[in-house]
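Protein chains: 2
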Amino acid sequence: MARPVVRISESAGFCFGVERALATTLEAVEDAPEPVNTLGPLIHNPSVIADLKGKGVGVVSDPSEARAGTVILRSHGVPREMRQQLSASGLTIIDATCPFVTSAQEKAARLHKDGYLVVILGEREHPEVLALRSYAGEQSLVVESPADLPSELPSRRIGVVVQTTQSHERLAELVAHLAPRVRELLVHNTICSATEQRQAAAITMATTVDAVVVVGGRNSANTRRLAELCRDRQPRTYHVESEAELDPAWFRGARVVGVTAGASTPPDQIEQVVRTIEEIET
Amino acid sequence: MARPVVRISESAGFCFGVERALATTLEAVEDAPEPVNTLGPLIHNPSVIADLKGKGVGVVSDPSEARAGTVILRSHGVPREMRQQLSASGLTIIDATCPFVTSAQEKAARLHKDGYLVVILGEREHPEVLALRSYAGEQSLVVESPADLPSELPSRRIGVVVQTTQSHERLAELVAHLAPRVRELLVHNTICSATEQRQAAAITMATTVDAVVVVGGRNSANTRRLAELCRDRQPRTYHVESEAELDPAWFRGARVVGVTAGASTPPDQIEQVVRTIEEIET
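Quick mapping for you: the protein sequence lines, in order, are chains A and B.
The opening position of the first sequence corresponds to residue 1 in the working numbering, with each subsequent residue numbered one higher.
The opening position of the second sequence corresponds to residue 1 in the working numbering, with each subsequent residue numbered one higher.
Errors might be hidden in some of the hints.
As the list claims (entries may be wrong) - A few chain B residues that face chain A, going by a derived Cβ cut-off under 10 Å, partial list only:
1. Asp148
2. Ser151
3. Leu153
4. Pro154
5. Arg156
6. Glu173
7. Val175
8. Leu178
9. Arg181
10. Arg183
11. Leu185
12. Thr190
13. Gln197
These are calculated hints, taken from the structure and not from any lab test.
Just so you know, even glycine gets a beta-carbon here, dropped at the ideal spot from N, CA and C.
Make a model of the complete structure from these sequences and hints.
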């Protein structure tokens, strides 16, 4: 019987935007008019949201539900109309949108203004993408892969913006399909550098270990993408939200187990998973 | 013993830019001050150039060689400095640059002016590319494939222009490599639509025949590209300049032979090749 060695991937866990959103929210709990609510969950991590709830931070799903106090705009951003509705409401608004997400929104708005048909590479129902789309014009298209593109593109001038947590592989695949079909293609590679580094490190790690555990919310797009990229290199890849889900059978014969975590996964959650794996007899 | 059926690909032969350059030159022979010279061969087809020579059209390889009369700027365009030198010379200048090439030059100049590092997809020594590069800035890069890109890109804002006769496959491959490595990528797909249609038709044809003959100058980039695209689908693909090069051994057992031709290949040259193939006993 042996116990596995755990290798934690570089750049695993909290990114700048998430840390900033959390810090902003915790400050609001101290200083801002009560009640304090976030519009949608602040980040995609159930344990963090439960933690915030304990500190008095609620979640509303629509601006109309917030009748007093403070509303925090979450890291993924909110659609333009909702922002306008909130601005007119008289409530205290704190913007915890990740600055990289804001930058992508500005680029989408600019492309639309300049007459490009905007194509967003991202997950159609993800809040970041819903917000991004509100800046990209009515005609904009959301695609997860080239297969989602219409057979006839309605414009020969295409602008591309990318959900900040997408993978470069998907971006490469999309632009390879678009460029030959248009006269002009302006691509804003808005994949954030933390995502980039986290993914690159995870990919390298996945090829050198016997199994991979990816820690993070199942509703976290960047965590799912991370699991997908690792699984392409190491089929023994498992996505868990917490150590409670770990199954010793996954690690049979594994000497080295790699661990990585999404941008919204707090350090203590990673640590608990690591400690649990280290105790498994393989 | 049987004779092959010949299938001529759609859009084979002369394109708009070449027809225009020839018509312009033949007009010049009538009306413009003598002697009439083209700066470099007007198009990449030796038999057409020989024909023009018989009509009194000479070829100079440098502006300084033309001391009187008329200089015709060829379909591929000329570098900016040469154009300026000629404008100052007092000679009569007739511009037979293909309008699609001119448009690509304007786009390259605009990208450079807007601060993009310009990447030109094309053949380094081809006259169209040499001319294009003169508009794209000193730092611009010429690549035939992603392998020619430096490992460290000197800019995170890249603009792409394409030699008008490149293939869409190569463009797709290039942008797939570039997009993940930069923040902004502005691609002007300057592949001309005649090239596009000729290539698409040749590709379709190549998969349905027993052998392919591509007719055109060996110095013609678009003809070589056409041969390359056909060869990928049909290994029995042969590039010839005239019917004299046809080898009956190529067609052994072939029932259907496809023929296509580059943008600078005159109709009578295609016709002679077709007639000769039809007489071969396979």
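Hint check results:
The closest approach between the C-beta of B:Asp148 and any C-beta of chain A is roughly 17 Å, which is over the 10 Å cut-off, so the hint fails. Evaluation of the B:Ser151 hint against chain A yields a violated restraint, the C-beta minimum of about 15 Å exceeding 10 Å. At a threshold of 10 Å, the smallest CB-CB gap from B:Leu153 to chain A is about 12 Å, leaving the interface hint violated. With its C-beta approaching chain A no nearer than about 17 Å, B:Pro154 sits outside the 10 Å limit, and its interface hint is violated.
Annotation: B:Arg156 was flagged as interfacial toward chain A, and the flag holds, the nearest CB pair being 9 Å apart, inside 10 Å. With a least beta-carbon distance of about 7 Å to chain A, the hint placing B:Glu173 at the interface is held under the 10 Å criterion. A cut of 10 Å between beta carbons decides the hint on B:Val175: the least distance to chain A is about 5 Å, and the hint holds. Residue-level restraint check for B:Leu178 holds (minimum Cβ-Cβ distance to chain A is 8 Å; threshold 10 Å).
Here the hint on B:Arg181 is kept, as its CB sits about 8 Å from the closest CB of chain A, short of 10 Å. With a least beta-carbon distance of about 5 Å to chain A, the hint placing B:Arg183 at the interface is held under the 10 Å criterion. Given the 10 Å rule on beta carbons, the hint for B:Leu185 holds: about 4 Å separates it from the nearest Cβ of chain A. With a least beta-carbon distance of about 8 Å to chain A, the hint placing B:Thr190 at the interface is held under the 10 Å criterion.
At its closest, the beta carbon of B:Gln197 sits 13 Å from a beta carbon of chain A; the interface hint therefore is violated under the 10 Å criterion.
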